[in-house]
Structure formats: structure tokens, C-alpha cells
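J.: Assemble the dimeric complex from its two separately framed chains, guided by the hints.
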Amino acid sequence: MRHFDVLVAGAGPAGSQAARVIAEKGFSVALLEKRQEVGSPVRCAEGVSEKWLLKHTGVEEPWIEAEVRGALLRAPDGTKAVMHYSEKGYILDRARFDRDLAWKAADCGAFLLTRAAVTKVLPYEEFFIVRTDHPLHQEIRATLLILADGIESRLAAQLGVRTTLAPSDIEMCLQYTLEGAPHEEGMIEMAGGNEIAPGGYAWIFPKGGNRANVGLGLLGSRSRAGFNARFYLDRFVAGRFPDASVIRTVAGAVSASEPLEEVCGEGFMIAGDAARLANPLTGAGIGNALESGALAGETAVQALKAGKRDRDSLEPYKQKLMRSIGNTSKKFYRIKEPFVKFTDEDINNMIRIVSKIDPSRVTVAGILEAAFKENKAVLALIRKAFFS
Amino acid sequence: MAVRIDYGRCISCGGCVALCPRGALQMKSFHLTLVSERCNDCRFCVNACPVGALWPGIPDYGEDYETF
Ligand SMILES: Cc1cc2nc3c(=O)[nH]c(=O)nc-3n(C[C@H](O)[C@H](O)[C@H](O)COP(=O)(O)OP(=O)(O)OC[C@H]3O[C@@H](n4cnc5c(N)ncnc54)[C@H](O)[C@@H]3O)c2cc1C
Ligand code: SF4
Ligand code: SF4
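Heads up: the sequence lines are chains A and B, in that order. Residue numbers for the first sequence, in our numbering: 1 to 388. Residue numbers for the second sequence, in our numbering: 389 to 456.
Chain B with its partners taken away, still in its complex shape (with noise of 0.2 Å):
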């Protein structure tokens, strides 16, 4: 399951690209792009993004995301 990205949101800080372990996140230009099957669903960057850009593969967090 790879996590999944909010482009309405993310700002391209680069920031998930610096942390992913599996180097699945990469910053085309300013086009922030997941190689999904390098993605283990470790949820390092969707607990890291400044701005809630990044979304767990598993949407176990229901309706409660959506506030912010």
C-alpha cells in the first residue's frame, strides 16, 4: 500500500523527499512524484509534512483527517 499525495496541498518543501527511507519520493522540478512500489507504507513522511499533504495508503483515519 503506498501512501498517496494531496496536490491541492503539498508546497514542494522537499521535505518527504529527504526523509523517505526507500527513496520513493523524488521532487521533479517542482513536481513532487512517488514511485509507489518502492513504498512500504512506513509513514515517516505522512507524519512529517508541514502541511497534511500526504495521506497513509490505508485510510484508516476516517473523517477525522479532513479537518485539517
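So here's chain A without its partners, still in its complex pose (with noise of 0.2 Å):
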């Protein structure tokens, strides 16, 4: 049976994120995916702010699909207002995208294997016995694991961690990939409403040409059999791409969630949608699951150099992570709360108040405060989020 330093679940970006950055350091790292090629099916609606590429992977020509300039906000009455980005953002292709990160952390060393799931994780004297559907690779064992497995993660739970996400702390999402879905080029579209997407939100990204990833997400409480993600979406895509056609189809769950409390434990770091790293308002988390897979990956070299895999040394990664991300998720989540609960008058309102902005000036926070403007207390929450 092979022994790795550390064995990472999933090669999502979190999972490929902290297997190269353990590979670099020299240490042996096993790269574990269920699927029988990395990437794909894509299960994302693919865009992602430029910072975070800089900071981890670089840009590579073959990743981008389109470039993002700004972000078109449409309320239920129609009613428009525009959005320039201080920052660039691109629309992936991220079955290229996760293919190559998983094919570069296997570059520098560590050891990919597909068609493998993880079945199960035994804690063992000082190491993991890892179970895993593989014909050849059955049992594995690692000093330390970090578990990247996503949205479904069921191997945080084996170790006593509790994941479930209460219905209203999930967004139940479909998209479309359209061919022949004219959109404006270089900007995003969101779209909300509660006969749009209740508790949600809808998407146009655009793919390139007349392409474009459509899409919504429900709010898991306030999906309905028979008025789920399927409905709204058909609505929705019959109303403004009548002559498209579809050529992929994407079903997904995002965490609407804090962070996890617990994301490690005795020889173990949870990273990525795994520990419900997405923002909780807008569902953008691929920038989140690098971040916490290089982190999770820095401390993971840390511990190994030591030569310790307690709680207590592992428990670097979680202030880390909450440093980076985990406290404004936090911040977001108590905004999401009220969010949720508007009217499509409260977003008419909020549209229109943000349409009289400057488009080069309308910030995130710019946003929430027009749509809070009548609630002092979540406005001081606003306030403090993001200017304190």
C-alpha cells in the first residue's frame, strides 16, 4: 500500500491549488478525482475576477473565453443600471481551466489519479487509511489529508464535521450554455426578481460570439417541486433567447452558507466549496477555493516540515483562511439574510437608485446601500463591511 505526505480529495481548483503548491515543496502528495477527466462536465457558470488568477495559476491564453468589463444589473421592472469593474474579470473555460491546474500540480510531482473517489477516510494511529473505488489503488494511506471535494462533500462528515447546508443556506442552480443568444459584449448580466429566480438570481455571461452560459440559481427554500431551477430557467431563456439553442446544460449547488466553523481538524484541512467557501451572495468561488487550497497546501508543507499533524499545528490554515476570505463571508452572509427577503418593488427601488450612479463609480457596497437605504441596521452592517 502506498504512503503519501498528504492526500488531497478532489481536483477541483481547491484540490490541484494544494497539490502543486505541496509538489513544489518537494513533499509526496496523491491528487485524487472521481471523474474520468478532470473538468469535466463543467458545473460553473465560469467567471472570475482577474486579482485571483494573478495570484495563483497566472493567465493563460487558453483559459479565457471572454473578457468582463462590467456588470449589467437588470430589475424586474426592466429597469438597468451599469456597473464598470475596477478590476478586469474573464469567463473561463474551466473544463480546460481545472484540466490544466490538476495536469500542473501532476508536472511538479504529485500523483493524479482519475476514476478514483474516495470512499471513505479511517483516522489510523498517525496516519489516514483512505478507501477509494480504484481497482489498483484500493487503500491508500497519508499522514495528512485535505478534502476538496466540493458541493456533495460526504468525507468532512466521515470525520465528525457537520456539513449539511440548511435549505435556505443553498442556491439549486441550471444553466444553459445558448448558441444564438445576442448579449452585449464584455459585460455580465444579473438579473433579479422573485418570478425570476426567488431567493436568487439570473445570469448572462457571455461565451465568446453569440455564446453565452444562462443561467439562475434558487434559493433551496424557496424551490418548489415542479417550480424548481428547470421552470424558471425555461421561462426565462424563452423570454429573451427564443431562437437559441442549447448546447450544454449545467445543474449545481453553491453554498449560500458561512464558511465551515471546523475547517480542520486532527491531520486534516477541508478547502473549497468543500468548506462552503463560496461568497454567500453572489456564489463566486472559484477565486475562493484557490486561495484556500494554497493555503491549505502552505500550511500542509508547514506541519510536514515540523514534523506534526495535531489540531494545534494545522490550526494556522483556519486563521488564514478567515483572515482572507472567511470574515468578509461572513460580513456577506449577515447581508445575504435581509437580501433574500426583497420585493420586486425593494429591487426596482434598488436598480433605480444605483442607475443615477456613475457607472465607473458603482462599487459592490455602492449596491447594498442603495438597496438598504431605508434599513439603518443593515446599512451600519454595510457600512462596516466594507469600510471599517
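A hint or two may mislead.
Unchecked claim - Keeping only pairs whose Cα atoms sit at most 30 Å apart, straight-line, the calculated DSS-like set for lysine-lysine is:
1) Lys-416/B <-> Lys-120/A
2) Lys-25/A <-> Lys-305/A
3) Lys-416/B <-> Lys-104/A
Everything labelled a hint here was simulated from the structure, so no lab data went into it. It should be emphasised that the depicted structure is a prediction, and the values quoted were computed from it without experimental measurement.
T.: Printed below as a string of C-alpha cells:
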């Protein structure tokens, strides 16, 4: 049975980033992925801010399908507001992006294994015994574990961490990649409203030419059998792009919760969506996955160098994670609660106010201020979140 | 009474697995499985599934269900 310094479960952006950081420092690391090809099928709208790529992966030409300069916000009554981003964004080819990140980890020495679902993680003396469904590697030993198994994570639960999401803390999403869907180039569009996507929003992300990712997310607690994401998306697409053809269907879920309280324990760390790190208001999770993967990888390297694996030695992961994304995420979560209760009229008012601001001066904080202009308590929260 | 999975519709998105409070749903590779003994028919998953692939154990919605 092979023994690795670290075993990473899941080769999404979080897992691949962690595996690369560890392999680069010369430690042995296995990166196990249940899919037969890393990155496919895609489960994402593929939008990412350039700052995360510059920090962690660089920007490579084949990954980029479109550049994004700003966002168009559309209210239920049709009012539009435009926001110009201060930093560039990209729409990725995530199948290629995810695959390349995993292959880069392998280039650095990680043992990448596909069609290998981790089925069981068992703490045993000073290491873990990891069971997989891969016929040639049914058991692997590892000193440390990084769980980066995404939204449907069950591995952390095996180690006693509660990861279940309440229906009000999860966005259930469906997306079509459409051909023949004319939209404004270089802009993403987000449309809100209780008839469009209750407790969530619909998006149009450009994929080059007349191709676009058109999808929406519904709060789990606002979805009903029969009135689910498919019902709303079909209606949205029929209204906006009646002539388009569906060239890809993507279903998936994003957490809209606070990050897990317990992101590390004896010998293990949890990264990316498995740690519920996606932004609770926007659902953006690629950047946070990269960041948490890198931090988990760095912490693993430090612990291995010190010959330690106890909870205290992995605690720096939690601290760094909270400082870089966790605390912001918690603040967004507190704003999300009142936000998802908005009536259509509230959304109309919010976008009307924002539409009067110069697009280059519109910020997320500004949008939220417009949203809660009547609600002093939430306003104070927003000011604290963004300006302190 | 446990929920039923319509495999013709399920696209293995994993959402229901994340919200089942009883750990009754699991994703074996890309195949959703149900441990029926654990399911208490709370229907969180039935309501939330983005493509309507989960059905309540008691077929009290009758034929309306067929429309979606
Ligand atoms: C419809 C939709 C649209 C989205 N749009 C955006 C967006 O525009 N921008 C953005 O930033 N974020 C978006 N997100 C969120 C983003 O996709 C995730 O936050 C991101 O993929 C998280 O990366 P990860 O590495 O944590 O997990 P994942 O990318 O989910 O990777 C987890 C990996 O683990 C594997 N795995 C799972 N279980 C096991 C196991 N037992 N053994 C081995 N491998 C396993 C999975 O196959 C998968 O490859 C969207 C999500 C959805 C559903
Ligand atoms: S939520 Fe629906 S589509 Fe997604 S895995 Fe569960 S049953 Fe399948
Ligand atoms: S009905 Fe409730 S307990 Fe049963 S599988 Fe669905 S979410 Fe889990």
C-alpha cells in the first residue's frame, strides 16, 4: 500500500492548487479525482476576477473565453443599471482550466489519479487509511488529508464535521450554454426578481460571439417541486432568447452559507466548496477555492517540515483563511439574510438608485447601500463590512 | 416512507446530497444513491432538486407531477 505525505480528495481548483503547492516543495502528494476527466462535466458559470488568477495561477490564453469589463443589473420592471469593474474579469473555459491546474500539479510531481473516488477516510494511529473505488489503488495511506471534494462533500462528515446545509443556505442552479444568444459584449448581466429567480438571480455570462452561459440559482427553501430551477430557467430563456439553441446543460449547487466553523482537525483540512467558502451573496467560489487550496497546501508543508499533524499545527490554516476570505464571507452572509427577502419593488428601487450613479463609481458596497437605504441597521452593517 | 430518485432526470449535481439533513443521499461517483432507512421524507431534496428528479415517497401530488 502506498503512503503519501498528503492525500488531496477532489481535483477542482481547490484540490489542484493545494496539490501543486505541496508537490513544489518536494513532499509526496496524491491528488484523487472521481471523474474520468478532470474538469468535465463543467458545473459553473465560469466567471472569475483577474486578481485571483494573477495571485495563484497566472492568466493563460487557452483558458479565456471572454473578457468582462462590467455588469448590467436588470430589475423586474426592466430598469437597468451599469457597473464598470475596477478590475478585469474573465469568463473561463473551466473544463480546460481545471484540467490544466491538475496537470500542472502532476507536472510538479503530484500523483494524479482519475476515476478514483475516495469512499472512506479512516483515522489510524499517525496517519489515515483512505479507501477508493479505483481497482488498482483500493487503499492508500497518508499522513495528512486535504478534503476538496466540492459541494456534495461527504468526507468531512466521516471525520465528524457537520457540513449539511439548510435549504435556506444553498442555491440550486441550472444553466444552459446557449448558441444564438445575442448579448452585450464584455458585460455580464444579472437579473433579479421573485418571478425570475426567487431568493437568487439569473445571469448571462458572455462566452464569445453569440454564445453565453445563461442560468439561474434558486434558494433551496424557495424552490418547489414543479417550480424548480428548470421551470424558471426555461421561462427566462423563452422570454429572452427564444431562438437560441441549448448546447450544454449544467446543474449544480452553491452554498450560500457561512464558512464551516471547523475547517481543520487532527491531520486534516477542508478547502473550497467542501468548506462552504463560496460567497453567500454572489455564489462566486473559484477564487476562494484557489485561495483556500493554496493556504491548505502551505499549512501542510509547514506541518510536515515540523513533523507534526495535530490540530494545533493545522490551526494556522483556519486563521489565515478567516483573515483572507472567511471574515468577508461572514459579513456577506449577514447581508444575505435580509437581501433574499426583497420584494420586486425593493429590487426595482435599488436598481433605480444605482442607475443614476456614474457606472465607473458603482461598487458592490454602493449597490447594497442603495438596497438598504431605508434599513438603518443593515446599512450600518454594510458600512462596517466594507469600510472598516 | 423514503423519497424516490428518477434516474432519467437526475444529472448528478450533488445539491440534494449537500442539504439532506439525515445523510440519506450519497453520490457514488456519479450515481446518486439513497439509504432509505435514513430518509424521513422531509422533502427538502424533493423541493430543491433543480430538475425535479426526486419524488416524495407518498404519491400525493398525483398527475400534476408529470407536467414537469
Ligand atoms: C451553476 C453554477 C455556477 C457557478 N458560477 C460561478 C462563477 O461564475 N464564478 C465563480 O467563481 N464560481 C461559480 N460557481 C461556484 C464554483 O463552481 C465553485 O465554487 C468551485 O468550483 C469550487 O471549487 P472546488 O475545488 O472547491 O470544488 P469543485 O470544483 O466542485 O471540485 C471538487 C472536485 O472533487 C471531486 N470529488 C467529489 N467527491 C469526490 C470523492 N469522494 N473522491 C474524489 N473526488 C471527488 C469532484 O468530482 C470535483 O472534481 C458556480 C457554481 C455553480 C453550481
Ligand atoms: S438535486 Fe436532483 S439532479 Fe441534483 S443530484 Fe439530487 S436528484 Fe440529481
Ligand atoms: S426527503 Fe429529507 S431525509 Fe429523505 S433524502 Fe430527501 S432530504 Fe434526505
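J.: Work down the list of hints and note, for each, if the structure agrees.
T.: Now the hints, each set against the structure:
1. Lys-416/B <-> Lys-120/A: 11 Å, holds
2. Lys-25/A <-> Lys-305/A: 10 Å, holds
3. Lys-416/B <-> Lys-104/A: 27 Å, holds
In terms of the numbered hints stated before, the structure departs from none.
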